[in-house]
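Please build the complex by placing chain B on the supplied structure of chain A, with the hints as guidance.
If you read the protein sequences in the order shown, they are chains A and B. Each residue of the first sequence is one higher than the one before, counting from 196 in my numbering. Each residue of the second sequence is one higher than the one before, counting from 44 in my numbering.
Rather than coming from a laboratory, the hints here were simulated on the basis of the structure. Here the structure is a predicted model, which means the values were calculated and not measured. Take the hints with a grain of salt, since some may be wrong.
To be verified - Here are the computed lysine-lysine pairs in the DSS-like style, where the Cα-Cα straight-line distance is at most 30 Å:
#, chain 1, residue 1, chain 2, residue 2
1, B, Lys90, B, Lys146
2, B, Lys114, A, Lys228
3, A, Lys228, B, Lys85
4, B, Lys63, A, Lys515
5, B, Lys157, B, Lys211
6, B, Lys157, B, Lys229
7, A, Lys228, B, Lys64
8, B, Lys100, A, Lys228
9, A, Lys515, B, Lys64
10, B, Lys78, A, Lys515
11, B, Lys146, B, Lys100
12, B, Lys114, B, Lys204
13, B, Lys78, B, Lys100
14, B, Lys90, A, Lys228
15, B, Lys230, B, Lys100
Stated by the list, open to error - A few chain A positions that, by computed beta-carbon distances, are all more than 12 Å from chain B:
#, residue
16, Glu377
17, Glu420
18, Gly423
Think of the CB as a built atom: it goes at the ideal place given N, C-alpha and C, for glycine as much as any other residue.
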Amino acid sequence: MNIDFILYKLLFAVIILMLSLVVAMYATLAERKVAGFFQDRLGPNRAGIFGLLQPVADGVKLFFKEEFMPAKADKVLYILGPCLTMLVALLSSAVIPWGDTLIIGGKEFALQMADVNIGVLYTFAVVSIGVYGVMIGGWASNNKYALMGSVRAASQMISYELAMSMSIVTIVMTSGSLSLNEIVSQQHGMNWNVFTQPIGFVVFLICAFAECNRSPFDLPECETELIGGYHTEYSSMKLGFYLFSEYINMFIASAMISTLYFGGYNFPFMNELGLSHNWISIIGTLVLMAKIFFFVFVFMWVRWTLPRFRYDQLMRFGWKGLMPWAFINMIVTGFFYMLIKRGF
Amino acid sequence: MNQDSTKISLTNRSKVVSNKKMTLMERFYLPAIFKGMIITFKHFFKKDVTFQYPEEKRPFADIYRGLHVLKLDDEGRERCTACGLCALACPAEAITMVAAERKEDEKDLYREEKYAATYEINMLRCIFCGDCESACPKEAIFLTNRTVPSEYKRDSFVYGKDVLVEKKNARIDVSKRQTPEVLAFKKDKSKSHNK
Numbered sequence: 196m197n198i199d200f201i202l203y204k205l206l207f208a209v210i211i212l213m214l215s216l217v218v219a220m221y222a223t224l225a226e227r228k229v230a231g232f233f234q235d236r237l238g239p240n241r242a243g244i245f246g247l248l249q250p251v252a253d254g255v256k257l258f259f260k261e262e263f264m265p266a267k268a269d270k271v272l273y274i275l276g277p278c279l280t281m282l283v284a285l286l287s288s289a290v291i292p293w294g295d296t297l298i299i300g301g302k303e304f305a306l307q308m309a310d311v312n313i314g315v316l317y318t319f320a321v322v323s324i325g326v327y328g329v330m331i332g333g334w335a336s337n338n339k340y341a342l343m344g345s346v347r348a349a350s351q352m353i354s355y356e357l358a359m360s361m362s363i364v365t366i367v368m369t370s371g372s373l374s375l376n377e378i379v380s381q382q383h384g385m386n387w388n389v390f391t392q393p394i395g396f397v398v399f400l401i402c403a404f405a406e407c408n409r410s411p412f413d414l415p416e417c418e419t420e421l422i423g424g425y426h427t428e429y430s431s432m433k434l435g436f437y438l439f440s441e442y443i444n445m446f447i448a449s450a451m452i453s454t455l456y457f458g459g460y461n462f463p464f465m466n467e468l469g470l471s472h473n474w475i476s477i478i479g480t481l482v483l484m485a486k487i488f489f490f491v492f493v494f495m496w497v498r499w500t501l502p503r504f505r506y507d508q509l510m511r512f513g514w515k516g517l518m519p520w521a522f523i524n525m526i527v528t529g530f531f532y533m534l535i536k537r538g539f
Numbered sequence: 044m045n046q047d048s049t050k051i052s053l054t055n056r057s058k059v060v061s062n063k064k065m066t067l068m069e070r071f072y073l074p075a076i077f078k079g080m081i082i083t084f085k086h087f088f089k090k091d092v093t094f095q096y097p098e099e100k101r102p103f104a105d106i107y108r109g110l111h112v113l114k115l116d117d118e119g120r121e122r123c124t125a126c127g128l129c130a131l132a133c134p135a136e137a138i139t140m141v142a143a144e145r146k147e148d149e150k151d152l153y154r155e156e157k158y159a160a161t162y163e164i165n166m167l168r169c170i171f172c173g174d175c176e177s178a179c180p181k182e183a184i185f186l187t188n189r190t191v192p193s194e195y196k197r198d199s200f201v202y203g204k205d206v207l208v209e210k211k212n213a214r215i216d217v218s219k220r221q222t223p224e225v226l227a228f229k230k231d232k233s234k235s236h237n238k
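Extracted from the complex, chain B is given alone in its bound form:
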């Protein structure tokens, strides 16, 4: 109430509230009502903000953090080596994996000798922070601008490799997330997660 008028305002939008008596004109309310009606009438002609969802989708930013993808390398081999850094980095403990050793005849499937036999992300736990992505030393996991669809059962939200690994014939472009700056950041050994 009795605020100092010279007080510094951060936004210049704050108003001092008062209980002053209303003037006669204000007590008629009608001018205020017309003012309000003019405001709503202006909105009548404003552009609608609606996206007609199934036909029209809201454009996501290229670096939107949505559904994860496990990348394949250029020859179509899985990049993930099941090192577990993503699971360790995950603040929501959404990621679990089981590592396995690559067999001799699986060289075209897995890039390195160790791979993730199972790799699961619980999408109900995941908070889409992207820490797994920055923790990954192999550029194997990325967040994409896709969303997690709704499901009927809670179990269905535990995504396995069948969903997460990208298909050979339907590659998912993550080049927007993998800029030179990001790569440089990942190579920087002074950063804690790369030590």
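So that you can see chain A by itself, here it is in the shape it has in the complex:
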């Protein structure tokens, strides 16, 4: 534990945080642009060229809006809600391997904040806390629509977390590790998990949509029924935090999908290129980014294609649709794993 190491980790943490924030910022613009294109419109294009300053304008607008707090709101919890959501959204970026290692001056620097051996568990723990932000915010608002939104959010997240973790258990089973870095390095080249776990991938993808409260699972914040859902009573930057954390969540979820199923920073023919280790790492990081952006686009693509579920459909789908498939997938994978790898 020397000073180089601490400085490097500090710098890396700042970079990752900035990256998450900037990506989330421009994801709001991308969302509106993509929505525009899907609907044969242009999307925002007045602030800056291609509307590049639109996120800044939105941010300024949110900052200068009136801070409104309901008279009977629980003050502490009311403020804690968006803070918690934002914090949790940013926390999960710590264990994602953003790239292989960089060798600078004989020292090896990992492009990962913390290579903990329980990376998968950590992500799940953090993601589960995410529901508290929504729940607390909805409860503290003292508004029935907000409460209904947050109750929906809580039950939805809990329901879909089960199927999600079951699809991950299969990944953990085949790779034999909970460390995300280990899972990625096992998918070297083109040995991506998506080819061996297609059902698991589909289940995970659908659950990721639900966990991010994205359409078609955006029931906690459905405007038509609940005015705004859990953030009905929020305004100014507190609302901004809620909306913003949704995009960070989307970014992190895309990173998780790429890491677990699409080989993370691995890309085909990475050994045949004959480049130095550092170059491969840098290209790998860029490839991972490309994968993440593709999945962010898929998130938006689905949002502007599919209508929202009805609540009973959502629950039925989660428990009676996804759960059995995740379960079958887990059992069949376990069976074949025993049969082939252990030679029974």
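Relative to the frame of chain A, chain B by itself:
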């Protein structure tokens, strides 16, 4: 439900709705979802229908029925004689006018001895049907391909002669509306409004 399949269809686009059981593949929904996503993805590359309004204006048809104009004749005299046929023809009762007699020194202002001292159209009442135009025996009022702009007060929508009469140095071309066929129609005494 139990429609006769030989029933004549007007558009050939109607579909018979049924509550048949979905097949196993349909119950997975995923193929249908991909189909939908492909449809939206095609739209991603389609040409946008947006007109960027202040810079780019939607082209109007030449015979668009928009804001009215009270025409001057070739020598710059007002054609309107305040006969009131337009007000009579107006189904929305948007037009009011007050007639006055031309003075000796106003011969270069008004073409005939009688003219409209005030002529007002309430643009909130007007339905832009163009009946005033076809009722006018003097080719004085026309609808143009201009639009009525928004205003802050309801009173501002009552347009007087200051807005409606065309300016001498900024003539408004209505020749597209005044084709030979239209003129022939107006001269046809068998048509009810010209009797």
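Checked hints:
1. B:Lys90 / B:Lys146: The hint is violated at about 60 Å.
2. B:Lys114 / A:Lys228: It is violated: about 47 Å lies between the C-alpha atoms, which goes past 30 Å.
3. A:Lys228 / B:Lys85: Within the cut-off at roughly 15 Å; holds.
4. B:Lys63 / A:Lys515: Satisfied, since the Cα-Cα distance of roughly 22 Å is no more than 30 Å.
5. B:Lys157 / B:Lys211: 20 Å, holds
6. B:Lys157 / B:Lys229: The hint holds at about 21 Å.
7. A:Lys228 / B:Lys64: 39 Å, violated
8. B:Lys100 / A:Lys228: Holds - the C-alpha atoms of A:Lys228 and B:Lys100 are around 22 Å apart, at most 30 Å.
9. A:Lys515 / B:Lys64: 19 Å, holds
10. B:Lys78 / A:Lys515: 24 Å, holds
11. B:Lys146 / B:Lys100: 44 Å, violated
12. B:Lys114 / B:Lys204: Status holds; Cα separation ~11 Å.
13. B:Lys78 / B:Lys100: Status violated; Cα separation ~36 Å.
14. B:Lys90 / A:Lys228: 14 Å, holds
15. B:Lys230 / B:Lys100: Violated. B:Lys230 to B:Lys100 sits at ~36 Å, over the 30 Å cutoff.
16. Glu377: For A:Glu377, whose nearest Cβ neighbour in chain B is about 31 Å away, the distance exceeds 12 Å, so it holds.
17. Glu420: 22 Å, holds
18. Gly423: Check passes; 25 Å lies beyond 12 Å.
In the structure shown, a violation is registered for the earlier hints numbered 1, 2, 7, 11, 13 and 15, in ascending order.
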